[in-house]
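**Q** Here the protein sequences come in this chain order: A and B. Numbering-wise, my numbering puts 114 at position 112 of the first sequence, and it's gapless, one number per residue. Numbering-wise, my numbering puts 78 at position 43 of the second sequence, and it's gapless, one number per residue.
No lab work stands behind these hints, which were simulated from the structure alone. Cβ coordinates follow ideal geometry from the N, Cα and C atoms, glycine included. Any given hint might turn out to be false.
Unchecked claim - Derived DEER-like restraints, expressed as beta-carbon distance ranges:
| id | chain 1 | residue 1 | chain 2 | residue 2 | range |
| --- | --- | --- | --- | --- | --- |
| 1 | A | Asn19 | B | Thr51 | 48 to 58 Å |
| 2 | B | Ser97 | A | Gly64 | 15 to 25 Å |
| 3 | B | Asn52 | A | Lys79 | 43 to 53 Å |
Said to hold, decoys possible - Mimicking SDA-like on lysine to any residue, the simulated pairs with C-alpha atoms at most 20 Å apart in a straight line are:
| id | chain 1 | residue 1 | chain 2 | residue 2 |
| --- | --- | --- | --- | --- |
| 4 | B | Lys76 | A | Arg44 |
| 5 | B | Lys57 | A | Lys24 |
| 6 | A | Lys102 | B | Ser131 |
| 7 | B | Lys54 | B | Ser131 |
| 8 | A | Lys102 | B | Asn135 |
| 9 | A | Lys24 | B | Lys54 |
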Amino acid sequence: AQSVAQPEDQVNVAEGNPLTVKCTYSVSGNPYLFWYVQYPNRGLQFLLKYITGDNLVKGSYGFEAEFNKSQTSFHLKKPSALVSDSALYFCAVRPVDGNKLVFGAGTILRVKS
Amino acid sequence: ETGVTQTPRHLVMGMTNKKSLKCEQHLGHNAMYWYKQSAKKPLELMFVYSLEERVENNSVPSRFSPECPNSSHLFLHLHTLQPEDSALYLCASSRSSTANSYEQYFGPGTRLTVT
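This is chain A alone, in the form it adopts within the complex (with noise of 0.2 Å):
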């Protein structure tokens, strides 16, 4: 059965610093990788995905995530942290030939300026 870690329940980060937020799965085979936002009061918002091709995947509001198929791990990261990243970071991952995405419980990232 798959599978998605996120081992860190909260990310403390001072702004200006990077941050990385981590995410590890389990799948059989090959899969597609997705990390989603949510702000305070709102729904889940799509932010980049892996899906074949470059390791590193770049997407909205400057984050980007690197898929590494030795470690199994999928990490978030920002060059340069925002007051307004802090949120609800949730990694999620589907096989190629599965049917199911299957969600981490999610990593409360807070940015203090």
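Mind docking chain B on chain A? Use the hints.
**A** Relative to chain A, chain B alone:
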């Protein structure tokens, strides 16, 4: 966020009430989804509809009854709920339920409280 809308945004209901949640997508997508989001838990997929046909039901209790009258609208009918059903219910849509590379677009959710 106007791509997928949900009403009502907040709902308080007693265990004997019957209510319905509504979702509408304006994106021309063919697939729609209901998720349950509880605090500190992963999103739980409840139902998947593709071209108005239910293609997935993840062992959801019968007190939750979905309806998809057309590809733009999705309802979740609620009756005799339990307090543990209190959660944020999210609707989502995507171009296809079977083409796995497509991302899903979410509505703002309905915050449901069962008293």
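**Q** Now look at each hint and say whether the structure bears it out.
**A** Here's how the hints hold up against the structure:
no.	hint	verdict
1	A/Asn19 <-> B/Thr51: 48 to 58 Å	52 Å, holds
2	B/Ser97 <-> A/Gly64: 15 to 25 Å	45 Å, violated
3	B/Asn52 <-> A/Lys79: 43 to 53 Å	46 Å, holds
4	B/Lys76 <-> A/Arg44	17 Å, holds
5	B/Lys57 <-> A/Lys24	34 Å, violated
6	A/Lys102 <-> B/Ser131	12 Å, holds
7	B/Lys54 <-> B/Ser131	29 Å, violated
8	A/Lys102 <-> B/Asn135	8 Å, holds
9	A/Lys24 <-> B/Lys54	39 Å, violated
Of the numbered hints given earlier, the model fails hints 2, 5, 7, 9; all others are met.
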